[in-house]
Amino acid sequence: MSELLALRSHDFAAAGAALGEAVMRLRGAALHEELGRIARALLASPQGSFMADASAELRAGASSDPHTLQQDIRFDGHLFGSFEVAGRHDYDAEDRRQLASLAALAGPLLQVHSLAQRATHAYAQVEAQLAHQSQILDQIHESVLTLDQMGYITSWNGGAERLFGYTALEAVGRNILFLYADEDASDSQPDLFAEQGGRMMEVRRRKKSGEIFWASLSLSPLRDLEDRPAGLIAYLTDITERKLAEERLHHLAYYNELTSLPNRTLFTRLVDQALMVAQRNELSGCVLFIDLNRFKLVNDTLGRRIGDELLRQVAMRFRAALREEDVVAHLSGDEFAVGLFDVRQHFEATTVAQKLQAALDAPFLIEGHDLRVGASVGISVYPQDGFDADTLLGKADIAMARAKEGHANPDHSVAFYSFDMNKGMHERMRIESGLRHALGHGELMLVYQPKFEIGTDRIVGAEALVRWVHPERGVVPPSEFIPLAETTGLIVQVGEWVLEQACAQAAVWQRAGMRPFRLAVNVSAREFTESLPNRVADTLARYALDPDWLELEITESTLMHDIDRVIGIMDRINALGVALSLDDFGTGYSSLSYLKRFPIHTLKIDRSFTTGIPNDASDCAIASTIISIGRQLGHRVIAEGVETPDQLAFLRDSGCDEVQGYLYAQPLPAARFEQGLRENWLLVG
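Under the numbering used here, read the sequence shown as residues 79 to 763, first letter to last.
Derived from the structure by calculation, the hints contain no laboratory data.
Beta carbons are placed, not taken as given, at the ideal position from N, Cα and C, and that holds for glycine.
Check the hints yourself; a few may be wrong.
To be verified - Straight line, CA to CA, 20 angstroms or less: simulated EDC-like cross-link-like pairs of lysine to aspartate or glutamate: (1) K285 / E248; (2) K433 / E550; (3) K433 / D489; (4) K433 / E413; (5) K433 / E564; (6) K433 / D475; (7) K286 / E324; (8) K286 / E239; (9) K674 / D642; (10) K433 / D404; (11) K286 / E335; (12) K374 / E360; (13) K286 / D316; (14) K374 / D468; (15) K433 / E403; (16) K286 / E220; (17) K374 / E445; (18) K433 / E402; (19) K374 / D489; (20) K285 / E239; (21) K433 / D420; (22) K674 / D649; (23) K374 / E280; (24) K285 / E335; (25) K482 / D439; (26) K321 / E280; (27) K374 / D386; (28) K674 / E631; (29) K321 / E220; (30) K482 / E413; (31) K285 / D316; (32) K374 / E483; (33) K374 / D475; (34) K285 / E304; (35) K321 / E289; (36) K321 / E304; (37) K374 / D404.
As the list claims (entries may be wrong) - Ranges of calculated distance between the beta carbons of each label pair, as one might list FRET restraints: (38) R536 / V355: 52 to 58 angstroms; (39) S609 / D439: 23 to 29 angstroms; (40) R593 / R620: 21 to 27 angstroms.
Can you make the complete structure from the sequences, with help from the hints?
Now the structure itself:
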């Protein structure tokens with residue numbers, strides 16, 4: 079009996095293993111057939127089956143054969159079918175127990191099997207739904223892509239492939255920045271990807287081909303299953319055609335179709351905007367009204383085609399003659415306008431007017447015709463003449479008519495709306511014209527103001543100063559023409575002339591055997607460029623002049639722009655053996671942290687501080703401080719404008735090294751200066 083039980087136990091274990099394998103491996107009818115076979119084998123019955131459609135209770139009475147065993151398979155309140163075996167005459171209680179145990183084992187296995195089937199079916203449905211949605215996304219025209227919170231692309235539909243030219247394989251996993259146009263990359267701040275969506279914008283993007291296009295971009299939030307932000311959904315549509323159409327409409331509305339310059343509408347808008355800035359910053363501004371002379375004759379004689387081309391070329395010359403920030407407009411026909419809003423004084427507008435007139439001097443060669451036109455210019459000034467563009471433009475037009483009527487040569491006629499400004503402008507133009515003539519006709523000369531060492535009263539140097547000897551007016555004060563030369567740029571030519579003449583004179587003294595002393599030449603901010611060291615070196619070489627004879631005086635304000643570039647230029651000058659002096663010290667804005675970096679030899683105290691010594695406590699304090707700074711930095715200090723013994727005494731007691739001024743000597747012509755040197759001149763009363 080025990081052997082029979084052991085055999086049955088072994089058979090049940092085998093049946094259980096077979097049952098587990100069948101549930102894992104098989105599905106449908108094949109599983110049902112295998113379950114029936116396992117039941118037959120376990121109970122050694124010729125017949126046996128698994129029925130999934132009804133329970134034994136429902137089949138009760140359908141078969142009353144005592145040689146048939148039936149057992150429902152239940153688990154956790156669910157019926158999964160039943161086992162039925164038949165064909166033996168000796169089924170006993172142990173057989174019934176074995177079949178019940180097999181059903182008990184099959185129950186949980188079939189439940190897992192059922193759950194797996196449902197999950198597989200649900201997954202298949204989800205897959206089918208996703209595939210369906212993917213097909214829809216791929217078929218729509220709009221580009222749809224998703225990004226994670228760091229801006230990396232996580233999905234890419236067919237519309238995006240068609241728009242950008244990249245496949246999903248090429249795009250997914252890359253940061254969205256690779257689609258940005260270069261100049262728009264700065265707009266791609268990380269906070270864009272942290273937004274909660276809801277943004278709509280127009281952006282520029284780059285295709286795989288390199289083409290830049292305009293797109294309408296809409297962002298929506300992307301959330302995970304727990305409703306936490308997971309990124310963004312981006313919808314893009316190509317709007318390049320619409321943008322181009324808008325740009326064409328904008329150009330037609332605000333630009334002259336012929337010359338592509340702003341028209342009157344845009345000009346007044348730009349001027350009004352600039353005037354608002356000027357008002358806040360308490361700046362001045364000017365409007366120039368320009369009317370071409372002889373254009374109507376060209377247009378009427380040679381036809382509109384030639385006239386149009388002439389206007390196009392005039393517009394190009396005007397644009398080239400102006401700065402980028404200046405506004406130039408083509409108002410209508412032969413009328414143009416210019417807005418200037420970065421001017422320090424209103425008379426600078428005359429320089430611009432003359433530049434525009436000079437731009438028309440060269441003939442225009444059009445279809446074999448040699449054409450010449452000129453221009454009359456009227457100027458109005460903000461705020462004296464008006465506070466808005468229309469008013470200023472109207473008054474500049476009136477000034478233009480006044481210029482055209484009241485000038486012998488309309489091509490060089492310029493007039494301000496204000497009579498007082500007109501008068502000042504004509505005087506300024508007269509001086510400017512005279513100065514240009516003086517440069518080429520020997521009317522300039524140098525005088526030399528000695529520099530004396532305090533304590534020994536010996537001459538240790540001199541400053542070369544330019545004078546203009548006008549054939550009718552006599553000596554023109556430097557205060558009249560030096561600021562004008564600075565404004566017009568003539569200071570560069572004046573500076574070149576001074577350097578040339580000073581070196582020529584120093585070379586004469588060098589050949590005469592005189593002991594070298596520093597001859598100081600003033601260098602303006604306009605001259606202080608990268609070319610200055612080479613110009614100085616060439617001049618020294620041309621006159622075979624020892625560099626110990628030369629000193630360059632630069633103003634403090636020159637040093638306040640692009641410090642590293644300025645120091646580089648100064649180093650190159652020092653390398654030549656030429657000394658550097660910082661002129662007008664204390665009147666600019668230099669920082670002491672920069673001062674210690676400048677390779678200078680001398681600090682010059684400006685005469686505005688010397689004048690009040692010793693009675694003005696502030697001037698005394700400033701002068702003493704400059705002397706102290708200079709000594710601590712290892713620089714010599716010279717005071718200019720010394721005219722009284724009291725001033726000299728204060729400077730001597732404060733430790734100043736050198737002085738120049740009328741107490742010792744006024745600026746002298748070269749011959750008189752040389753005479754003083756040869757006479758061992760110690761003091762001039």
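| task | Could you tell me which of the numbered hints above are not met by this structure, giving the numbers in increasing order? | result | Of the numbered hints, 2, 7, 11, 12, 14, 23, 24, 34, 36 and 37 do not hold.
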